[in-house]
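Visitor: Read off the chains here:
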Amino acid sequence: METASFRIMLDTFWVLLTGFLVFFMNLGFAMVESGLCRVKNTVNILAKNFIVFAVSSLAYYLLGFGLMYGNGGGLLGLQGLLAVSGADNSPATGEAYRGAYAALSWTGVPLWAKFFFQLVFCGTAATIVSGAVAERIKFVTFIVFSFLICTILYPVTGHWIWGGGWLAGLGMFDFAGSTVVHSVGGWAALAGILLLGPRLGKYKPDGVPKPIYGHNLSLATLGVFVLWFGWFGFNPGSTMAVNAPAIAHIAVTTNMAAAAATATATLTAWLLLGKPDLSMILNGALAGLVAVTAGCAYVSIPAALATGAVAGGLVVFAVLAFDRLKLDDPVGALSVHLVNGVFGTLAVGLFADKRVAVAIGTDSPGLRDGLFAGGGLAQLGAQALGVVSVAAFTLGLGLLAWFLLKLVLGLRVSRSEELTGLDLGEHGMEAYSGFQTFTNM
Amino acid sequence: METASFRIMLDTFWVLLTGFLVFFMNLGFAMVESGLCRVKNTVNILAKNFIVFAVSSLAYYLLGFGLMYGNGGGLLGLQGLLAVSGADNSPATGEAYRGAYAALSWTGVPLWAKFFFQLVFCGTAATIVSGAVAERIKFVTFIVFSFLICTILYPVTGHWIWGGGWLAGLGMFDFAGSTVVHSVGGWAALAGILLLGPRLGKYKPDGVPKPIYGHNLSLATLGVFVLWFGWFGFNPGSTMAVNAPAIAHIAVTTNMAAAAATATATLTAWLLLGKPDLSMILNGALAGLVAVTAGCAYVSIPAALATGAVAGGLVVFAVLAFDRLKLDDPVGALSVHLVNGVFGTLAVGLFADKRVAVAIGTDSPGLRDGLFAGGGLAQLGAQALGVVSVAAFTLGLGLLAWFLLKLVLGLRVSRSEELTGLDLGEHGMEAYSGFQTFTNM
Amino acid sequence: METASFRIMLDTFWVLLTGFLVFFMNLGFAMVESGLCRVKNTVNILAKNFIVFAVSSLAYYLLGFGLMYGNGGGLLGLQGLLAVSGADNSPATGEAYRGAYAALSWTGVPLWAKFFFQLVFCGTAATIVSGAVAERIKFVTFIVFSFLICTILYPVTGHWIWGGGWLAGLGMFDFAGSTVVHSVGGWAALAGILLLGPRLGKYKPDGVPKPIYGHNLSLATLGVFVLWFGWFGFNPGSTMAVNAPAIAHIAVTTNMAAAAATATATLTAWLLLGKPDLSMILNGALAGLVAVTAGCAYVSIPAALATGAVAGGLVVFAVLAFDRLKLDDPVGALSVHLVNGVFGTLAVGLFADKRVAVAIGTDSPGLRDGLFAGGGLAQLGAQALGVVSVAAFTLGLGLLAWFLLKLVLGLRVSRSEELTGLDLGEHGMEAYSGFQTFTNM
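Protein chains in written order, with our numbering: chain A, 48 to 488; chain B, 48 to 488; chain C, 48 to 488.
Treat the hints as calculated values from the structure; they're not laboratory data.
Beta carbons are placed, not taken as given, at the ideal position from N, Cα and C, and that holds for glycine.
Heads up, a few of these hints could be off.
Unchecked claim - Here are the simulated distance ranges between beta carbons: (1) Leu367/A <-> Lys257/B: 27 to 35 Å; (2) Leu247/C <-> Arg402/A: 56 to 64 Å; (3) Leu432/C <-> Leu314/A: 51 to 59 Å; (4) Pro258/C <-> Thr486/A: 27 to 35 Å; (5) Val191/B <-> Ala368/C: 25 to 33 Å; (6) Pro252/C <-> Leu367/A: 47 to 55 Å.
Make a model of the complete structure from these sequences and hints.
Guide: So this is what it looks like as structure tokens:
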């Protein structure tokens with residue numbers, strides 16, 4: 048057997064395995080989101096978080112993958128659009144790539160391995176929305192929106208940055224998706240929150256926010272551990288190849304950013320709120336993971352620690368700020384995925400270090416030398432342009448999508464269903480039959 | 048280092064890793080089954096699902112593996128029976144296989160890797176029984192039955208199909224075990240249900256079934272996510288070698304079948320029951336996974352979608368049908384594993400496509416061209432023969448085993464213990480100390 | 048691409064992947080420990096178990112790794128101490144190792160892969176303490192102690208055995224850390240228990256222990272499944288290279304010890320306590336895993352079964368004994384990690400078999416022939432010396448550390464906080480908002 052085919056075997060194993068870990072993050076999201084909401088809405092959140100990956104699979108297969116990675120212009124994929132039906136000769140042992148998905152030709156694994164890995168990322172963007180709109184959205188409306196995000200919203204900006212589109216051409220870098228995945232999910236979620244409004248009872252008549260406590264912090268903690276675990280697929284896996292120095296380095300930048308963010312979120316919450324709030328500790332870890340995702344392959348370990356440390360503080364302030372802005376986000380999805388997705392994307396402009404990237408083999412032409420190396424502002428500018436253009440597209444089209452759904456299907460369950468809980472209203476069942484729960488919450 | 052030893056290293060890593068994922072499915076089963084049963088029986092179900100893998104490990108080591116894979120006739124393994132003590136020269140670098148387990152000589156990994164991977168499959172068959180007989184079976188009786196299924200019931204039919212026995216010789220195909228694992232577990236469970244009878248209170252005096260709700264749908268959902276995750280070990284791992292096109296293809300057929308089944312189960316439940324019942328959604332995903340297991344390496348992606356779509360509808364009808372037939376299966380194990388194990392095995396006859404198998408390197412002589420390719424009914428016949436003969440053996444011997452256990456140990460806890468709950472009766476403890484629960488359920 | 052670099056790629060993938068599994072054990076510990084404690088202390092235990100890995104990451108990066116693996120004398124690492132800043136040329140393709148961490152030069156993976164894998168082991172030692180001191184320790188004190196164990200306590204004795212120190216020189220063997228990880232965690236925990244004293248209400252006025260029941264055995268069971276799964280990273284991964292016969296053998300010794308221990312713990316509890324207590328079954332599995340950790344790469348499968356069988360009985364007796372000794376250990380951490388860490392380390396002296404080690408490539412000069420092969424008492428002596436010296440150092444310095452923390456920060460929450468629960472006292476929140484719980488427990 049030749050060298051080339053060993054490389055393909057090894058890389059395919061790696062891409063699938065890390066993809067499995069990213070798939071597993073669906074469990075993490077389901078547990079974090081249901082754990083941070085109320086007993087009476089648990090079945091509904093679980094059902095949303097479960098079905099969203101099924102919908103993502105169908106939608107990304109039918110259209111999303113082609114739109115994102117099909118050969119085309121700077122704005123959209125145009126070849127191999129439907130049902131991953133474009134020509135493809137991967138794994139292309141020793142010959143040039145001749146196929147419809149040239150933007151993924153840099154990895155030599157079979158097309159279905161590429162599809163699977165990209166699918167689980169698409170699923171992540173879709174599931175981020177779920178927590179932000181929880182405890183009030185209609186089940187059917189959420190399903191349709193999930194279909195739309197996976198067929199259109201996610202693939203289009205994904206094409207711009209990862210599919211060989213115009214932002215990639217300008218030298219914007221987002222290694223594993225602080226923007227492509229996390230802030231896209233965040234902007235789509237913000238659009239939903241703007242049209243949905245806050246949960247009943249979240250604000251007192253005088254506008255002061257009232258805390259609404261999560262019903263199961265054991266599951267929320269479990270969820271964050273699963274997400275941290277899955278992130279070892281998300282970030283190192285985004286090499287889509289076993290590059291030994293790179294995957295080892297990325298595992299450590301990812302982990303250290305999460306650790307630093309956990310520490311600073313704990314401290315910030317302790318100082319600001321008087322006690323170390325567990326939900327802040329957990330969201331701190333997630334914030335560090337989101338923030339380091341864009342730069343994990345380009346920054347040094349100390350820079351990863353710095354990125355995480357900032358993210359951990361930022362998420363606590365963001366949670367408090369959104370609460371005051373009356374943007375009611377039951378699980379802190381905006382603070383984690385949107386705010387830190389944006390911050391992490393910009394942090395590439397601050398911390399990316401060409402010497403690191405060269406050492407581990409993740410350098411590309413156009414990568415700036417990084418602040419430590421005395422580079423200029425060009426990279427930061429490219430990053431900011433990416434942030435702004437993705438924001439404009441996703442928030443704009445997201446608002447339109449939610450608005451049309453409001454007209455056609457309705458966004459929000461009835462007042463009485465919201466008070467009773469969506470579990471009985473949408474699903475006719477309770478999550479914890481046999482337990483005595485408080486019904487006036 | 049030579050090429051051959053690299054291949055062995057890579058394949059051993061793959062076989063172990065996917066085996067770890069299949070092991071992890073024990074957690075999935077434990078959470079699904081306890082989540083779908085009542086508070087008062089939680090400790091008992093957890094204990095059963097935990098100890099069953101320990102018993103499987105001991106039983107399959109002592110006798111099961113030898114009976115299944117030892118060289119022998121078409122009916123049973125006869126060499127290397129006890130404690131995996133047969134001669135073996137794997138990994139057989141460059142030389143021919145000379146050993147007692149020739150049916151596994153097609154994979155070049157060390158014997159203990161083969162054993163481990165096969166063990167976790169045996170454990171899956173055993174744990175399927177647990178949910179079906181839940182909430183009324185005696186703990187000790189279940190342990191002894193688990194020992195019997197792993198030493199005799201599972202290995203014998205496994206020998207017929209995977210161990211070089213008579214069904215393999217007739218060209219029956221079951222890539223990862225829709226029949227070998229899932230329907231064997233299902234038939235053994237059905238035998239138990241027939242002898243145990245329904246739970247107290249499941250049927251009203253007029254024979255109408257009463258719904259008995261699960262106590263923890265968060266854990267049930269968690270369990271299904273874990274099972275879906277583990278299935279990426281179950282199906283792609285059954286290559287027992289890193290064949291890049293095959294493992295990528297199988298990961299996608301597996302995933303798409305699960306996604307399609309989730310969608311159709313949701314729709315079917317919504318139409319039939321008026322609301323999208325979460326336990327139906329979850330069982331839908333499992334049904335798709337079980338059904339595609341036999342054919343995942345032989346069918347196209349659209350055929351996998353079709354398989355899943357049928358499975359998702361089938362499971363909902365099956366749950367309702369078993370309920371009416373007074374076959375009381377608290378977690379839907381028959382509908383998932385038996386019905387869809389049978390359907391998936393037959394679906395190989397409908398959908399197996401020699402062009403797919405050739406393209407990804409999973410073709411074998413005897414594989415039919417598939418319905419799409421205009422093949423005949425021979426493959427379907429071989430599949431049906433496999434289904435019927437496994438049914439006859441497992442149901443027959445299963446009934447005998449349960450019957451003897453009834454005589455010797457008793458099958459069912461006392462009426463008062465069943466009413467109070469098996470947690471206090473069998474284990475003297477409660478699962479959720481400190482929580483207020485309803486005791487009249 | 049050359050052979051050497053394929054080996055590095057494959058080994059790096061393996062080391063990272065198994066490291067991810069060991070990281071995941073943090074979830075296992077969090078669920079076991081919170082599940083076995085009371086509702087009112089759940090948030091606190093979750094917060095401790097979550098933040099301890101963040102603290103471990105920072106502490107081991109800042110100092111621990113250098114102290115453990117830096118070149119130096121027999122007692123301590125002296126080079127590359129701070130922030131993993133020593134010179135290093137791994138992966139050293141074809142050239143000799145020239146760097147500051149020579150004790151890890153036997154594995155060819157990049158330095159960050161080595162660091163990551165060692166970090167997750169350090170995190171395990173730290174998190175063991177958490178359960179033993181649960182339900183009464185101050186949050187801030189636990190955080191500071193975690194920092195100390197990862198910077199000093201764990202790395203120093205780790206250097207003795209794994210870092211090329213004096214015990215390694217004497218031929219003491221501890222393949223994956225029965226002593227280095229588990230009994231170090233256990234001794235540090237014992238020191239804490241001695242200074243903290245038992246929980247309020249644990250002993251009646253006449254000194255008889257009162258059972259305090261765990262609040263969530265579903266989560267405890269989930270946790271043990273996760274730990275068993277993670278152990279497939281812990282033990283086979285400790286090869287830090289894809290040695291096919293070794294990793295397959297170790298996966299099976301690990302699994303069979305756990306299975307045997309589960310069986311004997313169940314039986315022992317059934318005989319001694321009258322019923323098969325689930326927490327004993329679960330701790331039985333863990334005991335077998337801890338015990339086989341030292342010898343998994345040196346013993347035959349029957350010897351692994353024997354090791355596990357003893358461990359499973361031992362843990363039940365140990366739990367009862369510690370209870371009577373008024374060493375109040377809410378989760379059984381001493382019985383699992385300390386008692387079986389010691390037993391497993393000594394069992395290497397009884398069961399290590401040079402023929403096994405030669406066959407799978409894990410032999411080293413100095414490894415005795417094993418009892419089965421008629422070897423002498425030298426190996427047992429080396430193992431016992433390791434146990435005693437680690438005990439003296441860790442218990443001694445642990446007592447000093449806890450004592451100083453008592454003076455500076457205080458060890459224990461106030462009496463009223465302990466009665467109300469640490470969740471409200473330390474974190475101002477409840478774990479299960481919306482559920483009705485008993486407050487007088």
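Visitor: Each hint should be assessed against the structure and marked as holding or not.
Guide: Here's how the hints hold up against the structure:
1. One distance hint, 27 to 35 Å for the beta-carbon pair leucine 367/A and lysine 257/B, is violated here, with the actual separation near 49 Å.
2. The given range of 56 to 64 Å is respected by leucine 247/C and arginine 402/A, whose C-beta atoms sit roughly 57 Å from each other.
3. Separated by about 43 Å at the C-beta atoms, leucine 432/C and leucine 314/A break the suggested range of 51 to 59 Å.
4. Distance hint for proline 258/C and threonine 486/A: a CB-CB separation of about 32 Å, consistent with the stated range 27 to 35 Å.
5. Hint check: valine 191/B to alanine 368/C, Cβ distance near 31 Å, so the stated range 25 to 33 Å holds.
6. A C-beta distance of roughly 48 Å is found between proline 252/C and leucine 367/A, which places it inside the suggested range of 47 to 55 Å.
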